Amino acid sequence: MPEQDPKTRIHNFSEVALGYNLELAITEAKRCLQCKNPTCQQGCPVDVDCKTFIRFVAEGKLEEAYLTIQKTNSLPAVCGRVCPQENQCEGSCKLAPTGQPIAIGRLERFVADSYYAKHPCDDDKKQKECIGPKSRHKVAAIGSGPSSLTFAGYLALRGIKVTIFEALHEAGGVLVYGIPEFRLPKKIVHTELEALKAMGVEIKTNYVVGSTLNLQDIFDQGYEAIFIGVGAGLPRFLGLEGENLIGVYSANEYLTRVNLMRAYKFPDYDTPLPRGQNVVVIGGGNVAMDAARTALRLGAKKVYVVYRRTQQEMPARREELHHALDEGVRLKVLSSPVKFLGDEQGKLQKLVLQKMELGEPDASGRRSPIPIPGQFEEIVTDLAIIAVGTRSNPLLLQATPQLKLNQRGYIEINPDTGETSIPNVFAGGDIVTGAATVVLAMGAGRKAAQEVAKRLKLTA
Amino acid sequence: MGFKIVKKRVLIPGRVTEVVFLAPDIAPTAKPGNFVIIRVRENGERIPLTIADKNPEQGTITIVYLVVGTTTALLDLLQEGDEILDVCGPLGKPTKIEKKGEVVCIGGGTGIAAMHHIAKGHAEVGNKVISIIGARTKDFLLFEEELAKFSAEVLVATNDGSKGHKGLVTEVLDSYLANHTVQEVVAVGPVVMMKAVAEVTKKYNVFTTVSLNPIMVDGIGMCGACRVSVDGQVKFACVDGPEFDAHKVDFDELMHRLNSYKQQEELSYKQFCECHGKEKKN
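If you read the protein sequences in the order shown, they are chains R and W.
Heads up, the first sequence is in the working numbering, so the first residue is 1 and it goes up one at a time.
Heads up, the second sequence is in the working numbering, so the first residue is 461 and it goes up one at a time.
Rather than coming from a laboratory, the hints here were simulated on the basis of the structure.
Take these hints with a grain of salt, some might be off.
What the hints assert, rightly or not - Taking lysine to aspartate or glutamate and the DMTMM-like style, the derived pairs with C-alpha atoms no more than 25 Å apart in a straight line are:
#: 1; chain 1: R; residue 1: LYS339; chain 2: W; residue 2: GLU713
#: 2; chain 1: R; residue 1: LYS350; chain 2: W; residue 2: ASP705
#: 3; chain 1: W; residue 1: LYS695; chain 2: R; residue 2: ASP382
#: 4; chain 1: W; residue 1: LYS730; chain 2: R; residue 2: ASP268
#: 5; chain 1: W; residue 1: LYS560; chain 2: W; residue 2: ASP705
#: 6; chain 1: W; residue 1: LYS708; chain 2: R; residue 2: GLU241
#: 7; chain 1: R; residue 1: LYS404; chain 2: W; residue 2: ASP700
#: 8; chain 1: W; residue 1: LYS556; chain 2: W; residue 2: GLU517
#: 9; chain 1: W; residue 1: LYS722; chain 2: R; residue 2: ASP268
#: 10; chain 1: W; residue 1: LYS464; chain 2: R; residue 2: GLU202
#: 11; chain 1: R; residue 1: LYS355; chain 2: R; residue 2: GLU313
#: 12; chain 1: W; residue 1: LYS708; chain 2: R; residue 2: GLU344
#: 13; chain 1: R; residue 1: LYS265; chain 2: W; residue 2: GLU726
#: 14; chain 1: W; residue 1: LYS708; chain 2: R; residue 2: ASP326
#: 15; chain 1: R; residue 1: LYS350; chain 2: W; residue 2: GLU713
#: 16; chain 1: R; residue 1: LYS301; chain 2: W; residue 2: ASP712
#: 17; chain 1: W; residue 1: LYS556; chain 2: R; residue 2: ASP217
#: 18; chain 1: R; residue 1: LYS339; chain 2: W; residue 2: ASP712
#: 19; chain 1: W; residue 1: LYS695; chain 2: R; residue 2: ASP217
#: 20; chain 1: W; residue 1: LYS695; chain 2: W; residue 2: GLU713
#: 21; chain 1: R; residue 1: LYS347; chain 2: W; residue 2: GLU517
#: 22; chain 1: W; residue 1: LYS655; chain 2: R; residue 2: GLU344
#: 23; chain 1: R; residue 1: LYS265; chain 2: W; residue 2: GLU734
#: 24; chain 1: R; residue 1: LYS347; chain 2: W; residue 2: ASP691
#: 25; chain 1: R; residue 1: LYS350; chain 2: W; residue 2: ASP712
#: 26; chain 1: R; residue 1: LYS347; chain 2: W; residue 2: GLU713
#: 27; chain 1: W; residue 1: LYS464; chain 2: W; residue 2: ASP542
Treat the numbers as computed from the prediction; the structure is a model and nothing was measured.
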């Protein structure tokens, strides 16, 4: 797929991957074997009928292709961009062993983008596909990230009125505060949201469930079921000396300032942002890559990603890691932060690293890092971003003591239905699993929605 | 849904203003100690403001602000009938209020407004409330009448001696504690004041609560911008606070962190003032 050149793109926030044109898409779709027993669909957490939609693309029938995807996936333009397809549809493709599976993600993106270009589904000119709620039932979702949006889309498509309560001023959850513009343009998220709104989904922003109102208040307003999809938003810190120096950030804060608050446009936007020259990002996942690539675009001279193990063990998607390396992000592997050093004004100056080596495999099957005695390194830095994961946000959980949690502090659910310990309250996404991917959260939202649909019919 | 301003009252001309606005979903659950996060325009910043009062029957919230930067200046441009774009709340843990006897509540600057809501809460459960308020000069004192409605006494300190004790609120506090037995002290105001209060009350071994005002972004626990060190532990003021045991707070660290964006804040405010043809007020 065509991409922006790394030398150009590190100076802008425009999308890196440029997407297929019709000709490329049809050529790619025609490579599909149209297997009798397609395995791609089984690899998809939201059960997209890949075979059928790809056939429609090969025939140039993009609208049919979109409607095929939309049956099970409420966010195709998002999924086509941020899903780890190599582990899912494309990883399960019969052509995967050849090293050239069908580029299902790219095709999905192309189909969704083309459809939205023709069918904006905005409030002014409603398309016939944009149906409103038909039934008297109404349900609620808390949080407006991928799991809740999928939950809402599934039920709205079946004529049920869905209201989403979002704590922030803008809907989309991690899709707007977490994933950067150059990987997932906000315009795409807005288009998907508009498509949901046109189906009758209502989004109420500035509602913090657990503070502004609680679960019982929502039931009292006549909602018959509630889906909790609030994510795992509380950032983890390292517990190291100097971690509260000016210039040390959680990846959540750094990315929220840039993405949700558009601080990269400061001072035209009011939210300020640190412009680090020598940036260190701690962690080896996708969020670390997002933070590192963002810092480069904001003018950093050097950006290091510091990781305890080696490049081999990094949890980031290969594609994300390669994009980062192409753009000039440097890796400092086998290094573990020990402390942050600052000046008298409390400003970050240096990060001290302990050098590591790999030992025996640990419980995760990865070789565990062991400190090499006496070997330390100091890096000069004015901006350190900690991207070592998140924990469950306590707001809703503390306000709802009846909600049963597991040992890790996430919500416990019935794996078959998605239901929590409170009847007709469902949960899914990161607040159940801990930090995971967009599409797994969507799969969880869909499962809960299927259960809700089943129950509403029974009680209708 | 917008948050319509129903009343705007200038408390200190050119400095401090009180705004009462409709927030029917927030007012019924707002408690002393809670705050809201507001955003005033589409490209605006999210800032926290403590709830100074509420009226659940009328569905209103009261906030008091000092114009210190772009967002408060933008807020100040709004008039009665205008709407605040976004208001999110009530946030933070409410003040722990129980009947315990005598409570001294200290407020400095706009912190007096936040202290007012807490002091009122203490009075409502039957605690004897002594309010101590301070400002540079008597014209900068806030909420004196309101506090007098439920306080056993309102003690005043001004730097220039134009009213009450000439000097600092901590001096008033010190002499009060020397002669009275007090179950708790609550302090809300500039960090230097809260730090000084903590030093005085430590001497008398009186439990002391402070309401901290660190920089926040989301206000709902997502970012950690507001982290403070309390008893050597990292706490998020937005979800673990904003009130903490004053004797355990690292005030110096908080003061440093409040300066994180000083340059950018000045640049942003300067640009705002140029756009609006206003002189920077100091």
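We went through each hint and held it up to the structure:
1. R:LYS339 to W:GLU713: At roughly 16 Å apart (the allowed maximum being 25 Å), GLU713 of chain W and LYS339 of chain R satisfy the hint.
2. R:LYS350 to W:ASP705: Judged against 25 Å, a Cα distance of about 32 Å means the pair is violated.
3. W:LYS695 to R:ASP382: holds, 23 Å
4. W:LYS730 to R:ASP268: Roughly 12 Å separates the two Cα atoms, so the pair holds.
5. W:LYS560 to W:ASP705: holds, 17 Å
6. W:LYS708 to R:GLU241: holds, 18 Å
7. R:LYS404 to W:ASP700: Holds, at roughly 21 Å.
8. W:LYS556 to W:GLU517: holds, 23 Å
9. W:LYS722 to R:ASP268: Between LYS722 of chain W and ASP268 of chain R the Cα gap is close to 17 Å, so the pair holds against 25 Å.
10. W:LYS464 to R:GLU202: The hint holds at about 22 Å.
11. R:LYS355 to R:GLU313: Judged against 25 Å, a Cα distance of about 16 Å means the pair holds.
12. W:LYS708 to R:GLU344: holds, 22 Å
13. R:LYS265 to W:GLU726: holds, 16 Å
14. W:LYS708 to R:ASP326: This hinted pair is violated, its Cα atoms lying about 47 Å apart.
15. R:LYS350 to W:GLU713: holds, 18 Å
16. R:LYS301 to W:ASP712: violated, 31 Å
17. W:LYS556 to R:ASP217: holds, 24 Å
18. R:LYS339 to W:ASP712: Within the cut-off at roughly 19 Å; holds.
19. W:LYS695 to R:ASP217: Violated - the C-alpha atoms of ASP217 of chain R and LYS695 of chain W are around 29 Å apart, more than 25 Å.
20. W:LYS695 to W:GLU713: holds, 13 Å
21. R:LYS347 to W:GLU517: violated, 47 Å
22. W:LYS655 to R:GLU344: holds, 19 Å
23. R:LYS265 to W:GLU734: holds, 18 Å
24. R:LYS347 to W:ASP691: It holds: about 22 Å lies between the C-alpha atoms, which stays within 25 Å.
25. R:LYS350 to W:ASP712: Holds - the C-alpha atoms of ASP712 of chain W and LYS350 of chain R are around 20 Å apart, at most 25 Å.
26. R:LYS347 to W:GLU713: Status holds; Cα separation ~11 Å.
27. W:LYS464 to W:ASP542: holds, 6 Å
Checked against the numbered hints given earlier, the structure breaks hints 2, 14, 16, 19 and 21 and satisfies all the rest.
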